[in-house]
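K.L.:
The primary structure of each chain is shown beneath.
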Amino acid sequence: MALSGLEIYKLLPASSKDPAEKAHGNCKECGYPTCLAFAMKLAAKQAELAACKYISEASKAKLSAAAQPPIRLITLAADGRSSKAGNEIVLFRHEKTFYNPAGIFVRVADTLPADEIRSQAQAVADYKVDYVGLALRLDGVAVEVASGDPAQFAAAVAAASAAQIPLILMAEDPAVMAEGLAQAGGVTPLLCAVAHTFADSLSALTQLRRLALKKNFRPLGYPAIAFPYLGGGGADMEMILAGQQIAKYAGFVVLSRFEPAEVYPLLVLRANLFTDPQKPIQVEPGVYPINKPTADAPVLVTTNFSITYFAVANEMESSGLPAWLLVADAEGMSVLTAWAAGKFDAEKIAKTVKGTSIADQVAHRKVVIPGHVAVLMGELEEELPDWQIKVGPREAVDLPRFLKTAW
Amino acid sequence: MPVTVEVPVEKWAGTVRPVVLGATAAEGGTRSHSLTLGGQATLPFLGFEAKAPHPPRVAVEVWNRNPGEDWPEPLTSAWGAVLDDPAAWTQAAEATGADLIALRFATVDETGAPMTGGKARQVFKAVLKATGLPLIVFGPGQAELDNEILVAVAEEGAGERLLLGSCEDKNYRTIVAAALANGHFVTARTPMDVNLSKQLTILIHDMGMPLERIVTDPTTGALGYGIEYGYSVMERLRLAALQGDTMTQQPMLVTPGEEAWRTKEARAAEGVPAAWGDWATRALNWETMTAAALVESAADIVVLRHPETVRRIKHMIAELQQA
Ligand code: SF4
Numbered sequence: 001m002a003l004s005g006l007e008i009y010k011l012l013p014a015s016s017k018d019p020a021e022k023a024h025g026n027c028k029e030c031g032y033p034t035c036l037a038f039a040m041k042l043a044a045k046q047a048e049l050a051a052c053k054y055i056s057e058a059s060k061a062k063l064s065a066a067a068q069p070p071i072r073l074i075t076l077a078a079d080g081r082s083s084k085a086g087n088e089i090v091l092f093r094h095e096k097t098f099y100n101p102a103g104i105f106v107r108v109a110d111t112l113p114a115d116e117i118r119s120q121a122q123a124v125a126d127y128k129v130d131y132v133g134l135a136l137r138l139d140g141v142a143v144e145v146a147s148g149d150p151a152q153f154a155a156a157v158a159a160a161s162a163a164q165i166p167l168i169l170m171a172e173d174p175a176v177m178a179e180g181l182a183q184a185g186g187v188t189p190l191l192c193a194v195a196h197t198f199a200d201s202l203s204a205l206t207q208l209r210r211l212a213l214k215k216n217f218r219p220l221g222y223p224a225i226a227f228p229y230l231g232g233g234g235a236d237m238e239m240i241l242a243g244q245q246i247a248k249y250a251g252f253v254v255l256s257r258f259e260p261a262e263v264y265p266l267l268v269l270r271a272n273l274f275t276d277p278q279k280p281i282q283v284e285p286g287v288y289p290i291n292k293p294t295a296d297a298p299v300l301v302t303t304n305f306s307i308t309y310f311a312v313a314n315e316m317e318s319s320g321l322p323a324w325l326l327v328a329d330a331e332g333m334s335v336l337t338a339w340a341a342g343k344f345d346a347e348k349i350a351k352t353v354k355g356t357s358i359a360d361q362v363a364h365r366k367v368v369i370p371g372h373v374a375v376l377m378g379e380l381e382e383e384l385p386d387w388q389i390k391v392g393p394r395e396a397v398d399l400p401r402f403l404k405t406a407w
Numbered sequence: 001m002p003v004t005v006e007v008p009v010e011k012w013a014g015t016v017r018p019v020v021l022g023a024t025a026a027e028g029g030t031r032s033h034s035l036t037l038g039g040q041a042t043l044p045f046l047g048f049e050a051k052a053p054h055p056p057r058v059a060v061e062v063w064n065r066n067p068g069e070d071w072p073e074p075l076t077s078a079w080g081a082v083l084d085d086p087a088a089w090t091q092a093a094e095a096t097g098a099d100l101i102a103l104r105f106a107t108v109d110e111t112g113a114p115m116t117g118g119k120a121r122q123v124f125k126a127v128l129k130a131t132g133l134p135l136i137v138f139g140p141g142q143a144e145l146d147n148e149i150l151v152a153v154a155e156e157g158a159g160e161r162l163l164l165g166s167c168e169d170k171n172y173r174t175i176v177a178a179a180l181a182n183g184h185f186v187t188a189r190t191p192m193d194v195n196l197s198k199q200l201t202i203l204i205h206d207m208g209m210p211l212e213r214i215v216t217d218p219t220t221g222a223l224g225y226g227i228e229y230g231y232s233v234m235e236r237l238r239l240a241a242l243q244g245d246t247m248t249q250q251p252m253l254v255t256p257g258e259e260a261w262r263t264k265e266a267r268a269a270e271g272v273p274a275a276w277g278d279w280a281t282r283a284l285n286w287e288t289m290t291a292a293a294l295v296e297s298a299a300d301i302v303v304l305r306h307p308e309t310v311r312r313i314k315h316m317i318a319e320l321q322q323a
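If you read the sequences in order, they're chains A and B. For the first sequence, this note's numbering assigns the number 1 to the initial residue and increments by one for each residue that follows. For the second sequence, this note's numbering assigns the number 1 to the initial residue and increments by one for each residue that follows.
Quick caveat, the hints were computed from the structure, so don't treat them as lab data. Idealized CB from N, CA, C, for every residue including glycine. Honestly, I wouldn't trust all of these hints.
Stated by the list, open to error - Derived CB-CB ranges, DEER-like:
1) ALA268(B) <-> GLN388(A): 27 to 33 angstroms
2) ASP193(B) <-> ALA341(A): 49 to 55 angstroms
3) GLN322(B) <-> LYS128(A): 58 to 64 angstroms
4) PRO53(B) <-> HIS196(A): 33 to 39 angstroms
5) LYS351(A) <-> ASP193(B): 39 to 45 angstroms
6) ASP84(B) <-> VAL397(A): 43 to 49 angstroms
7) ALA268(B) <-> ASP296(A): 20 to 26 angstroms
8) LYS351(A) <-> ALA113(B): 46 to 52 angstroms
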């Protein structure tokens with residue numbers, strides 16, 4: 001937590017109780033006329049602490065600690081890939097945003113054959129799933145010493161590091177850890193252990209976050225790591241606990257296994273909760289084929305607000321009927337909001353029709369606009385003289401019926 | 001040197017309003033027990049701050065007809081033949097560990113003919129007889145038909161303390177009047193917005209409905225389909241409730257089952273990326289993850305569809321209540 005200028009001033013020589021130190025007060029050597037002026041510049045981050053040679057060691061320690069974020073940033077890096085946790089400043093995402101998505105790691109035990117470790121690490125490194133145009137990925141591998149043997153652990157770490165993704169090393173014995181570390185240059189070992197069950201994990205991680213943010217309690221101001229498979233309750237509870245820990249408030253989460261049907265929902269949950277509430281997820285504008293459409297399938301237009309897109313795409317999808325969905329760049333606003341803000345007008349829709357490949361994809365020249373912007377009809381006919389404009393339903397739920405009957 | 005850390009406890013001014021669903025014989029109904037929602041004096045499951053007197057509850061959906069094509073195969077196969085018989089389905093749902101049954105009426109009956117108030121009465125009677133659990137009854141979501149069905153059910157089940165839904169700002173008066181006349185409760189459904197939720201509670205309360213008989217449905221999106229909006233609206237509503245804003249202190253109901261099973265992730269068997277994993281597992285996980293996140297963000301009732309999700313969410317809640 002940043003200190004105010006006055007709080008800093010109280011730590012500078014002019015405020016000192018030590019006569020020797022106080023004697024330097026307001027000496028101007030820092031380049032500022034008074035200690036107070038220097039304090040103000042420090043608070044505004046426009047001066048360096050080092051410019052004053054007379055600050056006591058105790059004050060220096062306090063000032064540099066205050067300059068740290070309440071939860072330190074930890075970066076786990078490997079060649080080209082990294083996973084960051086920390087720097088969080090809120091308990092609830094609506095208060096601002098969550099900044100660094102919890103790193104999701106998959107555990108491999110060093111008792112597996114080296115080939116197996118290599119291929120698992122590679123599978124984790126290669127895993128990629130597209131979600132509204134974002135490539136969601138796992139963060140790395142956590143190598144666990146299950147053998148108790150330093151040499152075997154070292155070999156496992158070496159095998160895993162071939163995948164060139166961030167690593168977490170899990171060993172209790174310092175000697176074993178040292179062997180492993182020697183094989184994984186540049187890895188930051190994580191020291192934090194937390195409570196494991198659903199209830200204990202939620203309480204402990206909530207308390208850690210509160211202490212760091214509200215009490216400015218430095219010793220605990222680090223990202224926490226969580227091991228949802230230690231929560232008890234069996235394999236299918238692991239994903240649920242991992243989800244809880246992503247939401248509240250782990251910096252890194254280690255999964256016991258790599259299972260796409262579990263990893264995908266967890267990555268989407270993380271993407272959703274770590275979205276900046278002020279900047280909703282936007283869908284890439286463009287042409288989206290639904291249910292393998294052909295040249296005579298209907299063309300419908302909507303905006304690139306993710307919820308709008310999902311509502312529309314989902315209904316079209318579930319209708320089972322092939323169609324083309326044309327997504328206009330309405331700066332991530334819903335149909336009505338975008339229309340009111342002038343971001344989804346006749347010009348924008350016309351630009352989307354002309355600017356995409358839709359005219360090459362279909363043999364007809366008919367396009368459906370959302371019922372909420374029926375008023376744009378006339379203008380749009382002028383903008384798109386070759387196209388017939390049709391008005392669709394106002395609500396996405398009515399799309400299947402519309403596609404079946406009105407097209 | 002030992003470091004002493006003071007547990008960071010927050011002081012809250014408000015609590016969630018207790019709402020008691022279901023009436024036993026002694027209370028003028030036929031339920032085997034009643035069920036209390038709400039009463040929390042802190043955020044979900046923070047036992048170090050205050051014990052939650054009543055855990056979140058799990059309701060299981062039962063339809064008046066076999067959902068057929070409306071539900072994907074991994075969901076219909078989990079229930080099997082009982083889908084053809086609302087009473088048998090109700091008993092199967094109770095056997096999964098459901099706390100409540102959520103009877104949902106479609107626009108049509110099992111033959112595809114339009115639903116009517118008269119037919120709804122018959123289905124409702126059969127379901128009421130099949131279980132002693134408290135009931136939620138949802139109309140199909142079309143104003144006229146909702147009114148016809150819910151008025152019929154409200155009369156048929158007079159005194160049972162049913163939870164009738166959904167009241168929306170465009171259509172709530174008839175449902176509220178029927179609930180008032182027959183001793184029932186209502187859900188107030190608004191589209192993911194703190195102020196709209198508050199407003200609808202006030203409107204319903206202004207008709208004479210006691211606040212102790214209103215449950216809000218702040219609506220949610222499924223995982224990947226806007227869940228973050230529902231999640232944050234619920235967190236904000238619960239924070240407001242704890243800070244003492246009396247019109248936000250209603251228990252909250254959400255329908256993650258309905259939302260999750262509509263998604264492509266739950267419905268698409270083929271033509272999806274291999275990274276999505278096995279269909280049946282992924283579909284089930286989609287409902288689980290959606291429901292679990294909403295339980296964490298302060299849902300008091302989650303309405304679910306798959307028996308395995310019910311087991312998982314019940315397990316999760318039991319674990320969390322230990323705090
Ligand atoms: S160098 Fe600046 S801050 Fe330091 S004692 Fe002199 S005037 Fe004060």
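K.L.:
With 58 to 64 angstroms as the target window, see if GLN322(B) and LYS128(A) comply at their CB atoms.
P.N.:
Taking Cβ atoms as reference, GLN322(B) and LYS128(A) lie about 38 angstroms apart, which means the hint is violated.
K.L.:
That 46 to 52 angstroms hint for LYS351(A) and ALA113(B) (C-beta), does it hold up?
P.N.:
At roughly 48 angstroms between Cβ atoms, ALA113(B) and LYS351(A) fall inside 46 to 52 angstroms, so the hint holds.
K.L.:
How does the Cβ-Cβ distance of ALA268(B) and GLN388(A) compare with 27 to 33 angstroms: does it lie in that range?
P.N.:
Between ALA268(B) and GLN388(A), where Cβ atoms are some 32 angstroms apart, the hint holds.
K.L.:
Please test the hint of 39 to 45 angstroms on the beta carbon pair from LYS351(A) and ASP193(B).
P.N.:
violated, 31 angstroms
K.L.:
Does 43 to 49 angstroms hold as the CB distance between ASP84(B) and VAL397(A), or does it fail?
P.N.:
violated, 26 angstroms
K.L.:
Using the Cβ atoms, figure out if ASP193(B) sits within 49 to 55 angstroms of ALA341(A).
P.N.:
violated, 18 angstroms
K.L.:
Could one say that the CB atoms of PRO53(B) and HIS196(A) fall in the range 33 to 39 angstroms?
P.N.:
Violated, since PRO53(B) and HIS196(A) (Cβ atoms, about 26 angstroms apart) do not stay within the stated range.
K.L.:
Looking only at beta-carbon atoms, does the pair ALA268(B), ASP296(A) fall within the given range of 20 to 26 angstroms?
P.N.:
The hinted range 20 to 26 angstroms holds for ALA268(B) and ASP296(A), with Cβ atoms some 23 angstroms apart.
Violated hints, in rising order: 2, 3, 4, 5 and 6; the structure is consistent with all others.
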